[in-house]
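Number of protein chains: 2
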Amino acid sequence: MMARTIQQVVEVTFRYPVEFTEHLFQLDNPVFRHAVAPGSSAKKVLVVVDDGVTKAHPSLVSDVQHYCATHQLNLVAPPLVLPGGERAKQDSAHVVTVQDAINTHGIDRHSYVVVVGGGAIIDLVGYAAATAHRGVRLVRVPTTVLSQNDSAVGVKNSVNAYGKKNWLGTFAPPAAVLNDRHFLTTLDDRDWLGGLSEAVKVALLKDAAFFAFLEEHATALRARDLAAMDHAVYRCAELHLQHIATSGDPFEQGSSRPLDFGHWAAHKLEALTRYELRHGEAVAIGIALDSTYAHLEGRLREEAWQRIVQLFLNLGLSVWHPLLSEKLDNPQDPGSLIAGLNEFREHLGGQLTITLLDDIGRGQEVHEMDHAVLKRAVSLLERIQKQGEVCPTPTPAR
Amino acid sequence: MMARTIQQVVEVTFRYPVEFTEHLFQLDNPVFRHAVAPGSSAKKVLVVVDDGVTKAHPSLVSDVQHYCATHQLNLVAPPLVLPGGERAKQDSAHVVTVQDAINTHGIDRHSYVVVVGGGAIIDLVGYAAATAHRGVRLVRVPTTVLSQNDSAVGVKNSVNAYGKKNWLGTFAPPAAVLNDRHFLTTLDDRDWLGGLSEAVKVALLKDAAFFAFLEEHATALRARDLAAMDHAVYRCAELHLQHIATSGDPFEQGSSRPLDFGHWAAHKLEALTRYELRHGEAVAIGIALDSTYAHLEGRLREEAWQRIVQLFLNLGLSVWHPLLSEKLDNPQDPGSLIAGLNEFREHLGGQLTITLLDDIGRGQEVHEMDHAVLKRAVSLLERIQKQGEVCPTPTPAR
Ligand SMILES: NC(=O)c1ccc[n+]([C@@H]2O[C@H](COP(=O)([O-])OP(=O)(O)OC[C@H]3O[C@@H](n4cnc5c(N)ncnc54)[C@H](O)[C@@H]3O)[C@@H](O)[C@H]2O)c1
Ligand SMILES: NC(=O)c1ccc[n+]([C@@H]2O[C@H](COP(=O)([O-])OP(=O)(O)OC[C@H]3O[C@@H](n4cnc5c(N)ncnc54)[C@H](O)[C@@H]3O)[C@@H](O)[C@H]2O)c1
Ligand SMILES: [Zn+2]
Ligand SMILES: [Zn+2]
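Chains C and A, in that order, are what the protein sequence lines are. Its first residue numbered 1, the first sequence is counted upward by one per residue in UniProt numbering. Its first residue numbered 1, the second sequence is counted upward by one per residue in UniProt numbering.
All clues given are correct.
Because identical chains share one entry, a pair is satisfied inside a single copy or across any pair of copies.
The calculated lysine-lysine pairs, modelled on BS3-like cross-linking and capped at a C-alpha distance of 25 Å, are: (1) Lys43 to Lys165; (2) Lys165 to Lys327; (3) Lys386 to Lys375; (4) Lys43 to Lys164; (5) Lys327 to Lys164; (6) Lys327 to Lys375; (7) Lys327 to Lys386.
In case anyone wonders, no lab produced these hints; they're calculated from the structure.
Same shape as in the complex, but just chain C (with noise of 0.2 Å):
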């Protein structure tokens, strides 16, 4: 009897379409049927809504209810209303709520659980459906700019427990996205305009002519300019699937993780606010700080790096929050960012792997960060926004 060793090698293929429609439950668009009713057999529909999402569009309930039964979809139940936001993630008993219905109305892997709503509601339903039965079909309509041009695009899902925010979740590729346009109509201003920092993050990781085109739609993207937010949408979300499709490592198995450019920060600032930040709030921050960092080390050009701070504040967004000069480094308290420099390490396990910029448009790898440069960087972030304007680097970049 000897020692032995099979090497296995699995390979899995996902597919799903990603939908750019707008009045989805119209009664003559196919989009929706489509997307449950593949070939000609009736699939079962679970439909679960955002309570934000049905108090600013009252009649999507009904609308749902309407086009299943016009278009004889075997929609389970009427559609199923829980909160959203983040309060959705918070709570285990909604993950109860949601797997109670799937058994209770026989969701097996072939049926649907279609969810509609903001980025929350879509990672706690995502994951009460990758889970139930190893995985129901999930249908996603995502109606918040985060939400439609990065977080229901992707392949991750998640709620929150023992206080820390994702730490339940799975990786589960949905069935399809369906993104109408038209929900984003109804958002906060906040909504709106935070979750252009996605955008701006794909573009100044990946495309210099998109980040061109945010900065000269700035002020209609500000003025709620539903055509431009449409491109930037569509080009944001096509950008991020493509890194998915092509970065080599879907499932984040390894420790490179380029999307989450300007996150480290954006992450314990979120934590740090208790979430009052929004999270495309936060990343404008985060991408603020590891910018100006980069310029300051003499990575980055001045003009290059004037221009992207320049960009958040013609959008509306702030480069800089309070917490950030305040919590900035005290090596006692388990608060502060530098701990979540090492937060963000452990995480990765071990090498830290942050993303910096070149230039406009393309991004590089470093593993450490210099915390003197680091605090630098805050307090000229801190001056900037007091003053409103880009002011120049205090001591010119190398």
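Given chain C, work out where chain A with the ligands should sit, using these hints.
Here is chain A with the ligands on its own, set in the frame of chain C:
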């Protein structure tokens, strides 16, 4: 603003070694430390052990501690001992216990959870590990025949919920599987023999020579010959792994599940006996049933059918159970076997897909089963089981 579609394709590759070894925690055995410390970094290690294994191997917990101390592995706590067997999967409190430990000890996506035990506790710990941080690394150390040759080498985990087996779970390949044959020496006869059903299954589907090996060594296997078992486990695991790697659908997105040969009736029987029947014992009956059905239908010739039934008898595995006859077909009774066929269809999403044998080593998918022929198959197996030997079929096969 027009309608547009992006077709997303996500390809994910998982790699893991399946090691065959003996005395895993003997100090000079390198297999365990290679699995949890690739490279030189001191990753955290949390170990969970089946209480049935610690009872049979009282020094196991201290052996693990001694091994880790000697090799400077970062064992975060003494091994956590949890109930083994189906009880493990029945109580969601155990999932929480494992996740509490993952949280308390700061196990991240690059740390290791190690589970030592039977298929049930491996499924439980696998589920907890797969959902914590969207999946921390899992090393499986299966200690039963069934888990070493089948359940623990694959890509699934689960716990029971809503009174239903495996209702909650995910697809999540392990970081490594470490098969230590020494553990098998302390198994109950029922667990030693039951796991061989899965070997018979893959032999029937894929490898006639392996079937002949099992026939030749049936007496030795029944007499607990470890060398014969060693080969049976290795070849079964290998065929199983090849199937997962090459089937094209490792995460079971479609309806075809050839490795579920004989399992539709087995699952129903397990539930009907309230899990008094072990999985492997039920699978033996399920395979005997579907093979007899294939024979009566004229698909499988008499001599091949006789060899199959005879092999189970020689291995000391029953080919029939009283509940099989009692619960065969009562349209009013949701617990009937025929209802089980419908449940299996529902689970697959509309289209029933059952594998039947054309010959030893060759299966074929069919989409319906004739209830009258099924009844004749059950009667025939009842007679054989009661007589203790294979009798000729009552009517000659066409
Ligand atoms: N899974 C991922 O990969 C991923 C990535 C990034 C962020 N996220 C998660 O996404 C969440 C944030 O999502 P979000 O920014 O979409 O916010 P959100 O889901 O918290 O929604 C914000 C608010 O807007 C309301 N709302 C939603 N759609 C509306 C509409 N059309 N009109 C009016 N009100 C509407 C909601 O009810 C809620 O009150 C966070 O939990 C974050 O962790 C997940
Ligand atoms: N994940 C999958 O793909 C998959 C596939 C098939 C089966 N399963 C699951 O596997 C489980 C059955 O696993 P199993 O057959 O290994 O049985 P088991 O895990 O239920 O263990 C049976 C008994 O043996 C004890 N035991 C374990 N190892 C021992 C040893 N070396 N010496 C003495 N006692 C020992 C256990 O404590 C338990 O009491 C079921 O829950 C089934 O659903 C999972
Ligand atoms: Zn983000
Ligand atoms: Zn099985």
